[in-house]
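Undergrad: First to last, the sequence lines map onto chains A and B. Per the UniProt record's numbering, the first sequence runs over residues 1 to 293. Per the UniProt record's numbering, the second sequence runs over residues 1 to 276.
Just so you know, these hints were derived from the structure itself, not from any lab. All of these numbers come straight from a predicted model, not from anything done at the bench. Errors might be hidden in some of the hints.
To be verified - Cβ-Cβ distance ranges computed for the label pairs, FRET-style:
1) A/6 - B/134: 31 to 39 Å
2) B/16 - A/150: 24 to 32 Å
3) A/194 - B/114: 35 to 43 Å
4) A/239 - B/114: 32 to 40 Å
To be verified - DSSO-like, lysine-lysine: derived pairs with alpha carbons at most 27 Å apart:
5) A/255 - B/131
6) A/183 - B/7
7) A/48 - B/131
8) A/57 - A/69
9) B/64 - A/235
Beta carbons: idealized from backbone N, C-alpha and C, even for Gly.
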Amino acid sequence: MNKTLRNPYVYLLFVLPTIGLYFLFFIYPVLQSVFYGLTDWDGLTPAKYIGLGNFEKAFKDDDFWISVKNNMYFILFSVFVQVPLIICFSLLISGVKRFQGFYKTTVFLPSILSTSIIGILWQFMYHPSIGLFNKFLGWFGVEPIYWLADPKWAMLSILITNAWQWMGFYIVLVLAAILAIPKEINEAAEIDGATGFQRAYRITTPLIMPIISVVIMLSIAGAMRVVDIVLVMTKGGPAGATEVMASYMVNKAIKYGQYGYGTALSIMIFAIALLLTALYQIAFARRQERVEY
Amino acid sequence: MRKVFQKSLPHLLLLVYVVVILFPLVFVLLSSFKTSNDQIVTAPFGLPSKPTLENYSKAWTQAKISRYFFNSAYLSVTAAVSAILLAAATAYAIARMRMARASKIIYQFILLGMLIPGNVLFIAQYILVQKLGILGTHWALYLPYTAGALPFSVLLIVAFMKAIPSEMEEAAIVDGLGVIGSFFRIILPLTLPALVTVFIINLLGNWNEYLLANFFISKDTLRTLPTGMVGFRDAFQTSYPLVFTGIVISVLPILIIYAFLQKTIIEGLTAGSVKG
Numbered sequence: 001m002n003k004t005l006r007n008p009y010v011y012l013l014f015v016l017p018t019i020g021l022y023f024l025f026f027i028y029p030v031l032q033s034v035f036y037g038l039t040d041w042d043g044l045t046p047a048k049y050i051g052l053g054n055f056e057k058a059f060k061d062d063d064f065w066i067s068v069k070n071n072m073y074f075i076l077f078s079v080f081v082q083v084p085l086i087i088c089f090s091l092l093i094s095g096v097k098r099f100q101g102f103y104k105t106t107v108f109l110p111s112i113l114s115t116s117i118i119g120i121l122w123q124f125m126y127h128p129s130i131g132l133f134n135k136f137l138g139w140f141g142v143e144p145i146y147w148l149a150d151p152k153w154a155m156l157s158i159l160i161t162n163a164w165q166w167m168g169f170y171i172v173l174v175l176a177a178i179l180a181i182p183k184e185i186n187e188a189a190e191i192d193g194a195t196g197f198q199r200a201y202r203i204t205t206p207l208i209m210p211i212i213s214v215v216i217m218l219s220i221a222g223a224m225r226v227v228d229i230v231l232v233m234t235k236g237g238p239a240g241a242t243e244v245m246a247s248y249m250v251n252k253a254i255k256y257g258q259y260g261y262g263t264a265l266s267i268m269i270f271a272i273a274l275l276l277t278a279l280y281q282i283a284f285a286r287r288q289e290r291v292e293y
Numbered sequence: 001m002r003k004v005f006q007k008s009l010p011h012l013l014l015l016v017y018v019v020v021i022l023f024p025l026v027f028v029l030l031s032s033f034k035t036s037n038d039q040i041v042t043a044p045f046g047l048p049s050k051p052t053l054e055n056y057s058k059a060w061t062q063a064k065i066s067r068y069f070f071n072s073a074y075l076s077v078t079a080a081v082s083a084i085l086l087a088a089a090t091a092y093a094i095a096r097m098r099m100a101r102a103s104k105i106i107y108q109f110i111l112l113g114m115l116i117p118g119n120v121l122f123i124a125q126y127i128l129v130q131k132l133g134i135l136g137t138h139w140a141l142y143l144p145y146t147a148g149a150l151p152f153s154v155l156l157i158v159a160f161m162k163a164i165p166s167e168m169e170e171a172a173i174v175d176g177l178g179v180i181g182s183f184f185r186i187i188l189p190l191t192l193p194a195l196v197t198v199f200i201i202n203l204l205g206n207w208n209e210y211l212l213a214n215f216f217i218s219k220d221t222l223r224t225l226p227t228g229m230v231g232f233r234d235a236f237q238t239s240y241p242l243v244f245t246g247i248v249i250s251v252l253p254i255l256i257i258y259a260f261l262q263k264t265i266i267e268g269l270t271a272g273s274v275k276g
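With these hints in hand, go ahead and build the complete structure from the sequences.
TA: Written out as structure tokens, the structure is:
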């Protein structure tokens, strides 16, 4: 019996295809990235080793840092706009008895749709003449705004679309945490005369801080990855106003053939993501005590 | 009075959110039945005066949406099925076979993949598929989609298989069942709920994938829905109803799956993100 489950041939048969594919598409590209990142390869002439030249170039590349700044907008928007709304709406959903399932299903819906389709759909929401936003503002006599073509508004427009897509996902995460809090805690507070608002603010919110922390971490990770929505809605324009790190990197490599520089940028993106996550962990997450009921 | 107000206020606020979510979708659906841009421009949120299915037949046949649809469907399904088969076999070896040390190393090695954000590998993968000579073919999507789903799938299936008690398997093996038989006839059927979850998550991911599909495929007839729709939008910029019809066709299969499997999807996706 032990022998049957120790059959090395079957073991290899079961494990090797996965490892092979995984190695080919994960590990090998990682090694390749490090290699190409240190060269000036342009896809045509043989790659020449240039040490950290690409990274020096990246540090001086103003356009790259503009795209880094745009990624930061995604983080700031989620922390200061989305997270408070996420907390409010999850508290609201957890408080109702009827339609709870309906609310949960509906708010989650956008997060299973394709970002590219959402991008196309929202372009019509922002459409200067038929779009919902300008129609609405038109009632108040506001002149049409060129949401996606105006550098002033383009970034905000994308941030709103991104929030529309992902907020429900996080609401469901937080909602699960709220519903996992033992009912006795709230009941005790209610008997002691705490109002609904006091209970939400003083009891539930502190208890769900760990999951909020997870939401912020996921938002940081998501903000580092963002690219589809920008490529579909604005292609980084107008005039680089919505360029993000990943779209900048992809452009450099595919459009301009700067594979060496592009991979160096991808390593920078990875490093920035690690750095931000570590900073967040040190600054906030560690301070939190574990919640025990 | 105050009680009533207190009871209905949360519903009122939540209803606002629900409207914000559903509004764009309803707008698209209504517009897809309209005949001209004029009808959309003059009454964007009105019901179509003479609802027509003409856009659907036009988008489906003339505008090649059917092509994109089938490309998306068969690529998503085959890659998702391949990923769960590979992951299930590996998970079985790791979780149930008695090779503890090798299994631990392999498990950790595969989980490393979850730390690497997908975009970071984009250029290296582009060069890789170019070198393999499959750039511009469906293999260039099928292989990365399958490989990309492995770490997460292995993680989830291993966790599930470890929780299956060993008595049944032991009894079957004592009765003479081999290890492959035990995998296919005992463990795999018991793992079915986890396999369904993983399958759905992979399927959604593949169906919606844009970045690789956009850059690894250039031939129009090989495009999948997310990239095909972007091209479609550019080609039919002047015909809004047709673009909206395309959006409806792309979204509908997902909505149907969601209607039946919302619980599995929500649990699977949220669990995957928190663990990953």
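Undergrad: Give a verdict on every hint.
TA: Quick rundown of the hints versus the structure:
1. A/6 - B/134: 31 to 39 Å: 37 Å, holds
2. B/16 - A/150: 24 to 32 Å: This hint holds: roughly 27 Å between Cβ atoms.
3. A/194 - B/114: 35 to 43 Å: Since residue 194 of chain A and residue 114 of chain B have Cβ atoms about 41 Å apart, the given range 35 to 43 Å holds.
4. A/239 - B/114: 32 to 40 Å: 37 Å, holds
5. A/255 - B/131: 18 Å, holds
6. A/183 - B/7: 19 Å, holds
7. A/48 - B/131: Roughly 19 Å separates the two Cα atoms, so the pair holds.
8. A/57 - A/69: 17 Å, holds
9. B/64 - A/235: At roughly 24 Å apart (the allowed maximum being 27 Å), residue 235 of chain A and residue 64 of chain B satisfy the hint.
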